[in-house]
Every structure is written in C-alpha cells, then in structure tokens.
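*Asks:* Chain residues, written in single-letter form:
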Amino acid sequence: MNDLKTLWKSQGTEHAPMSLEEIRKQAGKLHSNVRWRNIREAAAAVLVIGGFGFYVWWFPDPVMRAGSVLVMLGTLFVMWRLLTRGTATALPGAASALTWTDFYRGELVRQRDLLRSVWKWYLGPLVPGMAVFLAGLARTMPQAAMGKLAVTAVLCVVVFLGIGFLNSWGARQLQKRIDALGE
Amino acid sequence: MPEADQDALYRLAIAEHGSAIGRLLRAYEANAELRRDLLQDIHVGLWRSFAVFDGRCSLRTWVYRVAHNIASSHVARRMRASKQVSLDALMELPDAGDVEETASEKQVLEKLTALIRTLGQPDRQIILLYLEDMDAAAIAEITGLKPGAIATKIHRIKALLARRFKDGRPE
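Heads up: the protein sequence lines correspond to chains A and B, in order. Be aware that the first sequence starts at 4, since it is given in the working numbering, and climbs by one per residue. Be aware that the second sequence starts at 265, since it is given in the working numbering, and climbs by one per residue.
Quick caveat, the hints were computed from the structure, so don't treat them as lab data. These figures come from a predicted structure and were not determined experimentally. All residues carry an ideal CB built from backbone N, CA and C; glycine is no exception. There may be inaccurate statements among the hints.
Said to hold, decoys possible - Here are the simulated SDA-like cross-link-like pairs (lysine to any residue), alpha carbons at most 25 Å apart as the crow flies:
1) 151/A x 129/A
2) 179/A x 384/B
3) 375/B x 296/B
4) 375/B x 6/A
5) 12/A x 379/B
Unchecked claim - Beta-carbon label-pair distances, calculated as ranges:
6) 316/B x 44/A: 23 to 31 Å
7) 416/B x 113/A: 23 to 31 Å
8) 374/B x 165/A: 44 to 52 Å
9) 300/B x 43/A: 21 to 29 Å
10) 88/A x 350/B: 44 to 52 Å
11) 9/A x 268/B: 32 to 40 Å
12) 300/B x 159/A: 24 to 32 Å
13) 268/B x 44/A: 34 to 42 Å
14) 275/B x 76/A: 49 to 57 Å
15) 368/B x 88/A: 48 to 56 Å
16) 268/B x 165/A: 49 to 57 Å
17) 319/B x 87/A: 28 to 36 Å
Claimed, not checked - Rough simulated footprint, nothing fancy, chain B against chain A, three-plus residues with beta-carbon under 8 Å:
18) 65–71
19) 126–138
Using the sequences and the hints, build the whole thing.
*Replies:* Shown next as structure tokens:
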C-alpha cells in the first residue's frame, strides 16, 4: 500500500505555478465574468420592462396599463433579488476554507432556500401584474375571443404552478441530502 | 490582512503544497483544458482566501480545504456528464482488469486516477488525502467528518486498493 502512496506522490507537475500578476489578472477576470452575467440578466429585464412599457403607451384601457406597470415593478424586484443574491455567492472567499461538510451543507442550504422561496422572489412578484393585465384584456376583448383568453390564462397558471412545483420538489431533494449529512 | 502578507502566504502555500494540488487536479478533472481552468480557479481561490487566513488551522489544512472545496464545486457543476459512485458501491463492482500484470507505473497511475474519478464526495477527497499520506485525524480536520468515520473509510479504501492493485501494480 505504501508503494501505491509513493507512486501517487511521485507524479510530476503538469502545470507551471501561476505568478502573482497572473493570479491578480484572473481574479479581476472573475469579477468581470460576474459583471457580464449581471449585465445579461439586466438586459433580459430591460426587454420585459420595455415590452410592458410599450403596452402602457399602446393600450388605452387603464386596467391593462396598471397590470403592465405592476409587471414592470415585479420584474425590477426579481432583478434586484437576482443581482444581490448572485453577486454575494459568485466569488470564492473565506467560505471556501470551511471543512467539506460545512462548505457542502452551506451550498445545499443556499440552493434549497433559493428554490423554496421561489414564490417570494421570482413567481409571486409577477403574479399581480399578470392577473391585472389579463383582467384588463378580458374587459376589452370581444366576447368571441374569451375562449382564447381563458386558454391563455390557464396556460399562465399551469406554467407558474409547474415552476413552483419543480422548485419545491428540488428543495425537498436538497433537504434529503442535507439531512443525510447530519447522520 | 495586508496584501504583502496575503502574497507571502500564497507563495508559501504553493511552494509547500503546489505539487499536491497538481495531483488533486488530475483526480478531479480528466479533460486537460478544463483541468487548466480548475487550476486557475484553485490558485485564485487560494490567493483570495488568504486575505482572511487567521491561523486557527494549519496552512496545510487551509490549503487542502480550499483546493478540495473548489474542485468539488467544479465537479458538481459537471456532474451530469459523469456518473459517480460511493466507496461501498465501488467495492461491489468487479475489477475491469484492463491492465496487464506487467503494467508500467504510468498505467498503474492511470488506473488509480480513473478509479478515484469515479468516486463521489466525500470518498474522493478521503482517498486523495490518504494517498497524500495523511492520518485519520488530519483528514477529519480537513473534511469535518468524524475521525471514527474516516478510520472506517480508510479501512475500506485499503481493502479496495489491495483488491484492485498488488504491490503498486494492478492485479
């Protein structure tokens, strides 16, 4: 067995050590990657906000306009949560020097809480705006098109509930792994 | 901590444990290009971590914790691509036996590395620390697992390695 240990430790070094200049450059690049990810997410929010901003201008119905404003506010809230949560966890720091059990448990708990609270920070903030917007559509649409509107509303509910269910299921799976760690 | 101290700790860590980090890389990532990325992540993570190093554990324990945690996160991100098993499950599997009895050291190392890569955490971390010649107490300090659990794992690792390899050569 000692032969195997000796053999393992006799392996040559594959890579040259990194210089401190290179380390600092890479650390800066990591910050830059996080910044670009944030910019991409913000761009997606700008698209949604731009679209519903157009609706505020385009649709004369006050209920639809109110719904559009609520969706825009909900999107801003989701973005704020994404950016604040994401930035805090994107870069390795002191947490990476925890023991494996503490580090792993911390990661699992963070992911579980994110999934568990998806209604609070992702789905919930968009629901009022979507509901009010659809109610406004129902007020203005001709009777003949109500069937299509009902299908759209049901689809929205199914998608939201589906995302909520999947996140809740994911959180339960993570909780099982957290419980197993304590054994 | 002043940046000069952070730099000095980083230099010392790499001088003392740089080669162990290199071996760890091979055991965590088979793809050479991704291995280079992981190396950079570990080095940057280590350097950043020394900004808050408080000396409550040894430099060696700190370095191994950071390196293994970053490597574990790297593997977790790529987990869908490869199936991992536990040490117990590996004990049950028959040996592939694809290396001849007169295997070279390179072949033995390749087989050992491949075997380690199939393991999930914390078994992969424990076998690597065992191969780095650490005892159960040192492994427990790095992983946070109880020394008794580590001793049991080491016993199984020894049995597994004895079955798969003989005198440093595959059976």
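*Asks:* Each hint should be assessed against the structure and marked as holding or not.
*Replies:* Outcome of the hint check:
1. A distance of roughly 21 Å separates the Cα atoms of residue 151/A and residue 129/A; the hinted pair therefore holds under the 25 Å criterion.
2. A threshold of 25 Å between alpha carbons decides the hint, and for residue 179/A with residue 384/B the separation of about 17 Å falls inside it, so the pair holds.
3. Between residue 375/B and residue 296/B the alpha-carbon distance is near 17 Å, which keeps this suggested pair within the 25 Å criterion.
4. Of the supplied pair hints, the one linking residue 375/B and residue 6/A holds, its CA atoms being roughly 15 Å apart against a limit of 25 Å.
5. Note on residue 12/A and residue 379/B: the hinted pairing holds, with a Cα-Cα distance of about 16 Å set against a maximum of 25 Å.
6. Look at residue 316/B against residue 44/A: about 28 Å separates their beta carbons, and that is inside 23 to 31 Å.
7. Distance hint check: the CB atoms of residue 416/B and residue 113/A are about 30 Å apart, consistent with the given range 23 to 31 Å.
8. Hint check: residue 374/B to residue 165/A, Cβ distance near 46 Å, so the stated range 44 to 52 Å holds.
9. As the Cβ distance of residue 300/B to residue 43/A is approximately 25 Å, the hint placing it in 21 to 29 Å holds.
10. Checked against the hint of 44 to 52 Å, the C-beta distance between residue 88/A and residue 350/B comes to roughly 32 Å, which is inconsistent with it.
11. At about 37 Å, the CB distance of residue 9/A to residue 268/B agrees with the hint of 32 to 40 Å.
12. Evaluation of the 24 to 32 Å hint for residue 300/B and residue 159/A yields a failure: the beta carbon distance comes to about 46 Å.
13. Taken as a hint, the range 34 to 42 Å holds for the pair residue 268/B and residue 44/A, whose Cβ atoms sit roughly 37 Å apart.
14. Range check, residue 275/B to residue 76/A: Cβ separation about 51 Å, and the 49 to 57 Å hint holds.
15. Take residue 368/B and residue 88/A: their Cβ atoms lie about 50 Å apart, and the range 48 to 56 Å holds.
16. For the pair residue 268/B and residue 165/A, the beta carbons lie near 54 Å from each other, so the given range of 49 to 57 Å is met.
17. The given range of 28 to 36 Å is respected by residue 319/B and residue 87/A, whose C-beta atoms sit roughly 32 Å from each other.
18. Against chain B, the region 65–71 of chain A contributes 0 residues with a C-beta closer than 8 Å to a partner C-beta. That does not satisfy the three-residue criterion, and the hint is violated.
19. For the region 126–138 of chain A, the assignment as covered by chain B is violated, since 0 residues bring a beta-carbon within under 8 Å of that chain's beta-carbons and 3 are needed.
Hint compliance for this structure: hints 10, 12, 18, 19 are broken, all remaining hints hold.
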